[in-house]
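Enquirer: One letter stands for each residue in the lines below.
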Amino acid sequence: NAGVTQTPKFQVLKTGQSMTLQCAQDMNHEYMSWYRQDPGMGLRLIHYSVGAGITDQGEVPNGYNVSRSTTEDFPLRLLSAAPSQTSVYFCASSPRTGTGEQFFGPGTRLTVL
Amino acid sequence: AQSVTQLDSQVPVFEEAPVELRCNYSSSVSVYLFWYVQYPNQGLQLLLKYLSGSTLVKGINGFEAEFNKSQTSFHLRKPSVHISDTAEYFCAVSDVTGFQKLVFGTGTRLLVSP
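First to last, the sequence lines map onto chains A and B.
Residues 1228 to 1340, numbered by this note's numbering, are exactly what the first sequence covers, in order.
Residues 138 to 251, numbered by this note's numbering, are exactly what the second sequence covers, in order.
Hints listed in this document are in silico derivations from the structure and should not be mistaken for laboratory results.
All values derive from a computational prediction rather than experimental measurement.
Heads up, the beta-carbon is just placed ideally off N, CA and C, and yes, glycines get one too.
There's no promise every hint is true.
[As the list claims (entries may be wrong)] Below, a sample of chain B positions facing chain A; criterion: calculated Cβ distance under 10 Å:
(1) Lys186
(2) Phe204
(3) Thr223
(4) Gly244
(5) Leu248
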């Protein structure tokens, strides 16, 4: 059981480039979420999904796109990277009928120059 | 909507001393409460959670927290810290109907020195 996996671990982009952060979970969890972590700001919710084919915006969705075609995968797309998107990104999953705990991946550290 | 305030951005403490990390929340509905720990360059790991029942919750690594509804607080405590407890600690809340949407505090960095 790998839990929640994220790739890549590190990424450097130039302003305007696009990329996809990958997230996968093997626990058959219905709920998946993307957060960004910035110094002094804690974690903020970007997008979340309550099941395959269903996504919704969180607190800071601008500049990011998501889709959920399978239960296992929840990729996060940056369409045109900006320096303000330099951050550490965490993916998390949780079961629909659970105790409220979310299981986090190891994170992706993204730098936009 | 919910909000979380962690009053201390950094707490320095000596090894084997007690520690309390403070967390206050605001919500118009009933909430679940969580403490997560993040060790350097790692993801978040659940320390403990309050869902209902006893207001004193025990978690991993000797940590405990007490839910105080009247003061809207959920402070984290440990009677004797170790060097290995050095990490960042996040308090989080979610409303009882939408637990997948966690709202986090800004975090408290616990620095344990010998």
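Enquirer: Look at each hint and say if it fits the structure.
Expert: Do the hints match the structure? See the list:
no.	hint	verdict
1	Lys186	holds, 6 Å
2	Phe204	violated, 14 Å
3	Thr223	violated, 17 Å
4	Gly244	holds, 5 Å
5	Leu248	violated, 16 Å
Hint violations for this structure: numbers 2, 3, 5, all remaining hints satisfied.
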